[in-house]
Amino acid sequence: MISSSEYGSNSWDLVVIVDHQYEALPREFPLQVSGDLHIGGVMLKLVEKIKISQDWSDYALWWEQKKCWLLKTHWTLDKCGVQADAKLFFTTQHKMLRLRLPNMKTVRLKVSFSSVVFKAVSDICKILNIRRSEELSLLRQSDDVLKKKKKKDKNSKEPVTEDVLNLCNSPVTSGLPASPGLYSKTMTPTYDPVSGTPASSTMTWFSDSPLTEQNCSILAFSHPSCSPETLAEMYQPRTLADKAKLNAGWLDSSRSLMEQGILEDDQLLLRFKYYTFFDLNPKYDAVRINQIYEQARWAILLEEIDCTEEEMLIFAALQALNLPFKNLIFIVLFQYHVSKLSLSSEAQNFTCESEVDEVEAALSNLEVTLQGGKASNILEDITDIPKLADNLRLVRPKKLALKSFKQYWFVFKDTSISYFKNKESGQGEPIEKLNLKGCEVVPDVNVAGKKFGIKLLIPVADGMNEVYLRCDNENQYAQWMAACILASKGKTMADSSYHPEVHKILSFLNLKNWTVSAQVVSDPEGMDMKPECFVSLRYTKKYKPKQLAARIMEAHQNVAQMSLVEAKLRFIQTWQSLPEFGLSYYIVRFKGSKKDDLLGVSYNRLIRIDAATGDPITTWRFSNMKQWNVNWEIRQVAIEFDQNVSIAFTCLSADCKIIHEYIGGYIFLSTRSKGQNEALDEDLFHKLTGGQE
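Taking the UniProt record's numbering, the leading residue of the sequence shown gets 1, the next gets one more, and so forth.
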C-alpha cells in the first residue's frame, strides 16, 4: 500500500461503484489514487475499504463511459486513461444470461461478460455439450421479431410465462473444469448412435453436471411441433430484404457482451452462424445434431429459406412463388418421422452390445459434411481425368419466348462442358465450350413428371448467362449434376468426392419416387398426427388437414425404417442440398452503383443479387480471393480476386464488421482438418475476423 504522504499533490479522488447485495452498505466508495497506481492496486484498496470478507476473484473494473473492461491489472491508471471523472463499476465478470436455442427452448446460465464472444460461446457449448463451438455465435433478435412479440404479449389475455431451463450451477461457469464425458476428446462414445441418448457406459458423467439425463433429453431430442396458431404469431420474413434484417444482429466475436450493450439476464439467440458442419458424429453429437436439425426445421417452417417450385428435397430454384405442395412433402416427412421416433425413444432400451455394434457399423459410413460425405476408398488415377459424353438437350432461355430444347452431343471434361452437333462431329471444334468454374448450379427436377434438368448460371463480364440442360433419366442426371457441382468449385471428376456426390443425388431422387398406397391413405382421420404442425402456414391455408395427412403418410413409407439419428442426419443433408442453404443476406450498395443490391454470403462464395427480382447477378468464389480489407472510416469492404477483379461495397442493413467477420470466419473454418485436435487457434480466428478498427 502507498501512504497518503507519498501521494503529494499528484493524488486525486476516484469514485468506484460496487455491485454488491448488502443493503446496509453504500454503493459508492471514494478512493484516493494517483496516476501511477496500477489497476490491481485500485481493486486492492477498494476491497480493503469495503471491509467485507468474501470471494472477490470474479470481480473486475468496468469503465462505463468507454464501454470497456479494465482487465490488465498491471496497467496504471495513466496508461488506461482513467481520470477523476471516470465512472467505474466494480462488478462480477460472470452474469446470468438467457439463451434461446435453435429448438426454441430457453436456457439460463452464467456466462462471462468480460471474455470476447468467441470465448464465451466456447464455454457455453461446453456446458451444453455441443462440439465445434466455432460454428455458433450469439444473435440479437431483430426489431421486427421483438415488435411482433410485444404485440402478441399485449393481445394475450393471460400473462405469458416462458419455460426456462436453469443451468446456473454449471461446473464451467463456477470455475471448475467440465466433466470429461460432457466434452470428450477421446474415442469413447458419449451417445447411443441410434436413439441419441447418453450411452449406458457414460451415463454417470452427467451426475455432476447441470445436464442431467432429463435436461440432456430436452437438448438432444425433438419435441412436438407448435400449433399453426403459435406459428402464425412468430415473425416470418416475406422478402429477401426481410431476411437481411434477420442477419443484422450478430454480435462481434472479438468484443465482450458488456462492450456490446448486453445486460444481465438479457435474452440472446444461440445459433449456428457458419454453415460448415464439420465432423458430425452420432456417437458424440446428439445435442449438436438435434440443434442443427431444429435450426433447419424452423427455417423451413418460418420460410426463412425458400423451397423451390418442383423439388423440396434436393432441387429448387433460387426464387419462386406459388410452391406446389408435393415438393414440400420431402422435408415434412422427415419432421414427422423424427417426431414419431422422438416421442418413443425414451421407451427404447439399446443396451444390447451386438445391436449397438451393428448400428455403429452401419452408421460408420454415414458421415455428413458440407462437402458431401466420405472420400472414396478407391484410389483414382489422377493422371487420367474421367470424362462424360452423352446426348443431352440444351436451351438458352430468351425473353418472351418459350423454352425449346434441342439435342446435342455433350462432352464433360475437367471443369468444362463442350457440345457438338452430333456424336460424329465430337472430334472437331465444339459449337460452344462452357467453363463452369464459379458458376451456380441449380436443380430443375420433377421425378413424377420424369423431368431431370440442370440450370447453369455462368458468370460473364456483364452478369450471368443462363443455360438449361435436360437429361433422360435419373442415372444420367446424377452423373452430370455431380460433375457440374464439382466443376463449379474448381474440381474435376477425378476428385474423391465425385462418386459420393452421385450416390447422394440418387438417394434423394429415390426418396422422391414413391407410389400412392391406398392402404396407407385410406383413413387419414385415424392417423396419429396433426399435419398442420409440420408445414408452414402457406400450406395449412392452401390444403385441408386430410389432404396434408394423406400426402405425408404416402411419403413416410420411404423413411419409416430409419433410426432417429439417421432421420435427423438425412434431414440435415436435405437442407444442405437446397440452393439457398447457408446464404446470409445483406443489403449493400456497390461502389459505382446507384441502386441497392443484396449480397448473399455463403461458406464458399459471395453472390450479388438483384434486390427487385431475386436473380443472381455475379458470383465470386472465396477460392479466387486474393485479399480483403475494410476502410473503417467510410465503412467500406474491398475485396480483390484473381484476374484483376475487384469489388467494394458498403453495408446498409448491418455493420460492415459483420460481413468482414463472415468472410474471415469461413476462411478460418476451411483450415480445419480431422488430424487436428479440437483446440482451436483462437489468435488466428481474431486475426482473420477482428479487423483493425
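Hints were generated in silico from the structure; no laboratory data involved.
Keep in mind that a hint or two might mislead.
[What the hints assert, rightly or not] Simulated crosslink set (DSS-like; lysine-lysine; CA at most 25 Å straight-line):
no. : residue 1 : residue 2
1   : 79        : 105
2   : 105       : 283
3   : 387       : 283
4   : 79        : 66
5   : 591       : 546
6   : 437       : 387
7   : 126       : 66
8   : 105       : 119
9   : 105       : 49
10  : 455       : 491
11  : 87        : 51
12  : 72        : 105
13  : 387       : 413
14  : 674       : 594
15  : 406       : 433
16  : 245       : 126
17  : 105       : 66
18  : 541       : 491
19  : 489       : 245
20  : 119       : 687
21  : 423       : 413
22  : 87        : 66
23  : 491       : 450
24  : 51        : 66
Here is what the structure says about each hint:
1. 79 to 105: 45 Å, violated
2. 105 to 283: Answer holds: residue 105 to residue 283 is near 23 Å, not above 25 Å.
3. 387 to 283: This hinted pair is violated, its Cα atoms lying about 38 Å apart.
4. 79 to 66: Roughly 14 Å between the alpha carbons, so the hint for residue 79 and residue 66 holds.
5. 591 to 546: With Cα atoms ~53 Å apart, residue 591 and residue 546 exceed 25 Å; violated.
6. 437 to 387: Between residue 437 and residue 387 the Cα gap is close to 16 Å, so the pair holds against 25 Å.
7. 126 to 66: With Cα atoms ~31 Å apart, residue 126 and residue 66 exceed 25 Å; violated.
8. 105 to 119: Cα-Cα ~22 Å, so holds.
9. 105 to 49: Violated. Residue 105 to residue 49 sits at ~44 Å, over the 25 Å cutoff.
10. 455 to 491: Measuring from Cα to Cα gives roughly 19 Å; hence the hint holds.
11. 87 to 51: 22 Å, holds
12. 72 to 105: 37 Å, violated
13. 387 to 413: 5 Å, holds
14. 674 to 594: Violated, because 46 Å separates the two Cα atoms, which is more than 25 Å.
15. 406 to 433: 16 Å, holds
16. 245 to 126: Violated, at about 30 Å.
17. 105 to 66: Not OK: residue 105 and residue 66 at ~35 Å, beyond 25 Å, violated.
18. 541 to 491: 44 Å, violated
19. 489 to 245: At roughly 29 Å apart (the allowed maximum being 25 Å), residue 245 and residue 489 break the hint.
20. 119 to 687: 15 Å, holds
21. 423 to 413: 15 Å, holds
22. 87 to 66: 9 Å, holds
23. 491 to 450: 29 Å, violated
24. 51 to 66: The hint is violated at about 28 Å.
The structure fails hints 1, 3, 5, 7, 9, 12, 14, 16, 17, 18, 19, 23 and 24 (numbered hints given earlier, in ascending order).
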